[in-house]
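K.L.:
Take a look at the letters that make up each chain.
There are 2 protein chains.
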Amino acid sequence: MISRMSSLFLRTLRDDPADAEVASHRLLVRAGYVRRAAPGIYSWLPLGLRVLRNVEGIIREEMDAMGAQELQFPALLPKEPYEASNRWTEYGDGLFRLQDRKGADYLLGPTHEEMFTLAVKDLYSSYKDLPVWLYQIQTKYRDEARPRAGILRGREFVMKDSYSFDTTDAGLEDSYLAHRDAYVRIFDRLGFDYAVVKATSGAMGGSRSEEFLAKADAGEDTYVRCTSCDYAANVEAVTTRPPAPTAYDGLPAAHAEKTPDTPTIATLVDVLNADHPRDDRPWTAGDTLKNVLVVLKHPDGTREPVAIGLPGDREVDQKRLDGQLEPIEVEPMDEEEIRRHPTLVKGYVGPGVLGEENASGIRYLVDPRVAEGTRWVTGADVAGSHVLDLVAGRDFTADGTIEAAEVRDGDPCPVCDDGSLETARGIEMGHIFALGTKYAEALGLQVLDEIGKLTTVTMGSYGIGVSRAVAAVAEGNHDELGLVWPREISPYDLHVVATGKDEAVFEAAEELVRELSGAGLSVLYDDRRKVSPGVKFKDAELVGVPSIVTVGRGLADGVVELKDRRSGERSDVPVGEAVARLTEVVRKG
Amino acid sequence: MISRMSSLFLRTLRDDPADAEVASHRLLVRAGYVRRAAPGIYSWLPLGLRVLRNVEGIIREEMDAMGAQELQFPALLPKEPYEASNRWTEYGDGLFRLQDRKGADYLLGPTHEEMFTLAVKDLYSSYKDLPVWLYQIQTKYRDEARPRAGILRGREFVMKDSYSFDTTDAGLEDSYLAHRDAYVRIFDRLGFDYAVVKATSGAMGGSRSEEFLAKADAGEDTYVRCTSCDYAANVEAVTTRPPAPTAYDGLPAAHAEKTPDTPTIATLVDVLNADHPRDDRPWTAGDTLKNVLVVLKHPDGTREPVAIGLPGDREVDQKRLDGQLEPIEVEPMDEEEIRRHPTLVKGYVGPGVLGEENASGIRYLVDPRVAEGTRWVTGADVAGSHVLDLVAGRDFTADGTIEAAEVRDGDPCPVCDDGSLETARGIEMGHIFALGTKYAEALGLQVLDEIGKLTTVTMGSYGIGVSRAVAAVAEGNHDELGLVWPREISPYDLHVVATGKDEAVFEAAEELVRELSGAGLSVLYDDRRKVSPGVKFKDAELVGVPSIVTVGRGLADGVVELKDRRSGERSDVPVGEAVARLTEVVRKG
Numbered sequence: 001m002i003s004r005m006s007s008l009f010l011r012t013l014r015d016d017p018a019d020a021e022v023a024s025h026r027l028l029v030r031a032g033y034v035r036r037a038a039p040g041i042y043s044w045l046p047l048g049l050r051v052l053r054n055v056e057g058i059i060r061e062e063m064d065a066m067g068a069q070e071l072q073f074p075a076l077l078p079k080e081p082y083e084a085s086n087r088w089t090e091y092g093d094g095l096f097r098l099q100d101r102k103g104a105d106y107l108l109g110p111t112h113e114e115m116f117t118l119a120v121k122d123l124y125s126s127y128k129d130l131p132v133w134l135y136q137i138q139t140k141y142r143d144e145a146r147p148r149a150g151i152l153r154g155r156e157f158v159m160k161d162s163y164s165f166d167t168t169d170a171g172l173e174d175s176y177l178a179h180r181d182a183y184v185r186i187f188d189r190l191g192f193d194y195a196v197v198k199a200t201s202g203a204m205g206g207s208r209s210e211e212f213l214a215k216a217d218a219g220e221d222t223y224v225r226c227t228s229c230d231y232a233a234n235v236e237a238v239t240t241r242p243p244a245p246t247a248y249d250g251l252p253a254a255h256a257e258k259t260p261d262t263p264t265i266a267t268l269v270d271v272l273n274a275d276h277p278r279d280d281r282p283w284t285a286g287d288t289l290k291n292v293l294v295v296l297k298h299p300d301g302t303r304e305p306v307a308i309g310l311p312g313d314r315e316v317d318q319k320r321l322d323g324q325l326e327p328i329e330v331e332p333m334d335e336e337e338i339r340r341h342p343t344l345v346k347g348y349v350g351p352g353v354l355g356e357e358n359a360s361g362i363r364y365l366v367d368p369r370v371a372e373g374t375r376w377v378t379g380a381d382v383a384g385s386h387v388l389d390l391v392a393g394r395d396f397t398a399d400g401t402i403e404a405a406e407v408r409d410g411d412p413c414p415v416c417d418d419g420s421l422e423t424a425r426g427i428e429m430g431h432i433f434a435l436g437t438k439y440a441e442a443l444g445l446q447v448l449d450e451i452g453k454l455t456t457v458t459m460g461s462y463g464i465g466v467s468r469a470v471a472a473v474a475e476g477n478h479d480e481l482g483l484v485w486p487r488e489i490s491p492y493d494l495h496v497v498a499t500g501k502d503e504a505v506f507e508a509a510e511e512l513v514r515e516l517s518g519a520g521l522s523v524l525y526d527d528r529r530k531v532s533p534g535v536k537f538k539d540a541e542l543v544g545v546p547s548i549v550t551v552g553r554g555l556a557d558g559v560v561e562l563k564d565r566r567s568g569e570r571s572d573v574p575v576g577e578a579v580a581r582l583t584e585v586v587r588k589g
Numbered sequence: 001m002i003s004r005m006s007s008l009f010l011r012t013l014r015d016d017p018a019d020a021e022v023a024s025h026r027l028l029v030r031a032g033y034v035r036r037a038a039p040g041i042y043s044w045l046p047l048g049l050r051v052l053r054n055v056e057g058i059i060r061e062e063m064d065a066m067g068a069q070e071l072q073f074p075a076l077l078p079k080e081p082y083e084a085s086n087r088w089t090e091y092g093d094g095l096f097r098l099q100d101r102k103g104a105d106y107l108l109g110p111t112h113e114e115m116f117t118l119a120v121k122d123l124y125s126s127y128k129d130l131p132v133w134l135y136q137i138q139t140k141y142r143d144e145a146r147p148r149a150g151i152l153r154g155r156e157f158v159m160k161d162s163y164s165f166d167t168t169d170a171g172l173e174d175s176y177l178a179h180r181d182a183y184v185r186i187f188d189r190l191g192f193d194y195a196v197v198k199a200t201s202g203a204m205g206g207s208r209s210e211e212f213l214a215k216a217d218a219g220e221d222t223y224v225r226c227t228s229c230d231y232a233a234n235v236e237a238v239t240t241r242p243p244a245p246t247a248y249d250g251l252p253a254a255h256a257e258k259t260p261d262t263p264t265i266a267t268l269v270d271v272l273n274a275d276h277p278r279d280d281r282p283w284t285a286g287d288t289l290k291n292v293l294v295v296l297k298h299p300d301g302t303r304e305p306v307a308i309g310l311p312g313d314r315e316v317d318q319k320r321l322d323g324q325l326e327p328i329e330v331e332p333m334d335e336e337e338i339r340r341h342p343t344l345v346k347g348y349v350g351p352g353v354l355g356e357e358n359a360s361g362i363r364y365l366v367d368p369r370v371a372e373g374t375r376w377v378t379g380a381d382v383a384g385s386h387v388l389d390l391v392a393g394r395d396f397t398a399d400g401t402i403e404a405a406e407v408r409d410g411d412p413c414p415v416c417d418d419g420s421l422e423t424a425r426g427i428e429m430g431h432i433f434a435l436g437t438k439y440a441e442a443l444g445l446q447v448l449d450e451i452g453k454l455t456t457v458t459m460g461s462y463g464i465g466v467s468r469a470v471a472a473v474a475e476g477n478h479d480e481l482g483l484v485w486p487r488e489i490s491p492y493d494l495h496v497v498a499t500g501k502d503e504a505v506f507e508a509a510e511e512l513v514r515e516l517s518g519a520g521l522s523v524l525y526d527d528r529r530k531v532s533p534g535v536k537f538k539d540a541e542l543v544g545v546p547s548i549v550t551v552g553r554g555l556a557d558g559v560v561e562l563k564d565r566r567s568g569e570r571s572d573v574p575v576g577e578a579v580a581r582l583t584e585v586v587r588k589g
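Protein chains in written order, with UniProt numbering: chain A, 1 to 589; chain B, 1 to 589.
Pulled out of the complex, with its shape left as it was, chain A reads as follows (with noise of 0.2 angstroms):
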């Protein structure tokens, strides 16, 4: 296969596009691989169609060999499914939504959970159909607020999605591990440096999740890993790893102190260091444990009144704490709500008056750091004082634990010993998702278990963004003269580039390509006759396909240049041998 770059619809750009924010979005534009629509929405040229098209057959492979099956559904959907699941609502203004001319509901589909789980109990009715693990790669629709960095976030994109339909909790296991290995083949063979990530489970419900980042510097998305081992997670879902309890019998009993002027942690560690110096160190403020009151909003409509227990250096993490409580909203407890908690004396709230089965009756939950055997200075309850040397487990008990306090850079590790965490930054390649049987239950998908007897299906949901893998391989994959593609997503298997205007050159070139084509090759040929070696040359650097080949003055000496696009070695080779050498270079990966 060849194309020309005499009649290649293609046109490469020296200047960056205007609104071009990452690399990958400058130089796929640059070099002609896409072209901006409309915000968010881009037309692929014949180059980056090919890019594309390799990256969903690779992606289609793995998914074939895995033993998933591939069926394609609309893009244009009916309204009612989304209905029933509650999508057509909580998508909101994500979600891009039109009418017929009868005045039909339809939407253009983000994601197809509700129609996979409808073909499946279309089909399929008893557990002996089951597991079953079908997917498409397709066209989708999201209305982006803010569309950004060319095809990393577009609003019109094509993304690979599977479902699994299973009738028990260990086969939903089976079938996201089964995902996950093709998940870390597919990334492997697209050349991504990437990290697996543990995720909450975010709008749509459900339990276990993990999100494939490509480590990128233009991410969006923020994670933190350990420096030493592979553990990498979304901050909402990093766990804390608890001081092992201690011994508190040496410990002096709780004893209230006088804090006058302290609302503040700065204040009171103030204070403590003045008032009640210690001999081995200075009060910090992750001596103090400060009680933050919130209300929880359960879906029922019911409030619930909670305090939370952290160390007073950290701050609730917002984030965190919904993700923990999802779909109870948090809120914090305003002063109305104070008041009619007589107990609660606001700026000296503590686990005195904490926890269920004491005075005020609010639920008392902690951060994992206020472990048992832990020493702390907290609220007496009453204006104005502290108590100092109150010790979990040895003076009070909370109600449980919870992960709302921030994720620092430096925390150790919840998994190793060695490390600590630190924030990474990444863009969201692939997302498998434990559905469970939100979807099934919505839509009525039951099948007939062992015993005859109708059990709802559990499912899974696996999605990669297949545009965005073409962007994200560019952003890790390129330098200061242009892209540099992997071998197995490169437009081309090789780059040959004609130089200079002796007629013998072009005859040359083209015999060779022409060979190279016939063993199965594909080649993109700089047959231009009017056109510089130096643009010839920087026009192949900006492509980036991954072995650029010169014909030019060395076919005097019987031989043509091979240069690796990526480390920029060349080397010549006799042309007698170009075919079998270049064959062999390209073959080996």
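Source of the hints: derived by calculation from the structure; they are not laboratory data.
Each statement offered as a hint is correct.
Any copy will do: because identical chains look the same in the list, a pair fits if it lies in one copy or spans two.
Each computed DSS-like pair below joins lysine-lysine, with the alpha-carbon atoms no more than 27 angstroms apart:
| no. | residue 1 | residue 2 |
| --- | --- | --- |
| 1 | K128 | K501 |
| 2 | K121 | K538 |
| 3 | K79 | K121 |
| 4 | K128 | K530 |
| 5 | K538 | K128 |
| 6 | K102 | K79 |
| 7 | K530 | K121 |
| 8 | K297 | K319 |
| 9 | K297 | K438 |
| 10 | K501 | K538 |
| 11 | K530 | K453 |
| 12 | K297 | K346 |
| 13 | K588 | K215 |
| 14 | K198 | K438 |
These numbers come from a predicted model, not from an experiment.
Given the coordinates of chain A, work out where chain B should sit on it, guided by the hints.
P.N.:
Structure of chain B alone, referenced to chain A:
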């Protein structure tokens, strides 16, 4: 490649879907190829998607082979380019329109003339860049008033659309013919019995245009074809073969006669036969020349009175008339307008006052049958009188001819001497169209010509209904038992059925299937253990893979049975030769 019936996402249906109007719809649903998601919107199940991909593959191969370049535009498109071409309005209710979260107007692309035009404008600037042929295979949207017949006329459908860009009419002609040749190859490979039908321009404006119609009684499109040669045309595009001019030396002079009470052609014919009998044969309506008065409404708003003269035995075909005059609109001349022309005597209008040179000043266009030397009875421009023996070319001359008369079965073929026209029905599979400069003008696509002057580019547009082709092939390839796919688009090369309860049969079938797959064939393997042979064979007939291989009883004699789905022919194949023989059967097509 092996798919197993035991796990394939497929359930065949014994009953026809309630809404199925045509065989292809009925069978594609029953055999598990497609499922309806909404009116005119279908999901592609695994079998259907394989056929769709095969059709796409054939089209892609031929488009690439002709030198067209593939790219991909969005389906979700901004309004502005479609406003510039006026299609935002012209398309009427057929366009799916929507707004994004910011209230900006978008549409779902019905075809992409505008986007391709803008892409060429974006990238190219010189005549040296042209011609260029670009195509995409893409999901398209039209809000059909009456979606019908399953995927035959859907609202979401897959289409191949290509566009040619040239600087000269001769270049456009070459581009048009290159597409025509490619289409012939494509439709031949798809196994269609088709007609290439001359078409009028339709709503798109422009000149030369042909449709590729698959011959099918279920087709929505009517056309006429010659019983003898391969002439075929839309009714709008049929040209009338005029009689050869004849000498009129010996004919009697024209003479006006009283013809009282002859408000209709029929009454006139009666009076003629009663009062002016002919020697050789009775008068018929075809001997009379009727003159129909209309008003042309030009796009610039001016109104022009015109008379259309045609043999009295034919009505004006409004579609043919509209097709001839587009974008001019035509309406009957009303009483008031007639009164404004005092020389016109209603019911007795004749050529004596018509023609721009004559008394009425009304332009006079005649049917091609009103040729020089033909003799007519027509209005004498006096109430109650007609002129007899009025000879065209001798007694009157029209301002021109027009194809406005109805076409009838039996009319002589305009091309060959032997044939006559007959009406036929078909499914529009492809449309090729020499568009001209409409879109280039609307969107400002100009390039520099050889002398450095800006010249407007001239375009062709060429479509193939890809998803429709799946239905149309099914429509033309089925019997009472099910589908019968042509080899090149069949979902699998072979359908292997293992029958009986003998484990050895399943082992032998498994081995055979693996070897066939290893030889590069795709196999649908019916490995179901608890399903009767009868059901398996019924499913195989319904699914329609062209070769069905049964591994069963014959195994004891060392043979498997090969059945040709189309002919029903059966033959035994020794197990040892099965892979070689079956590969040969598949490869020879």
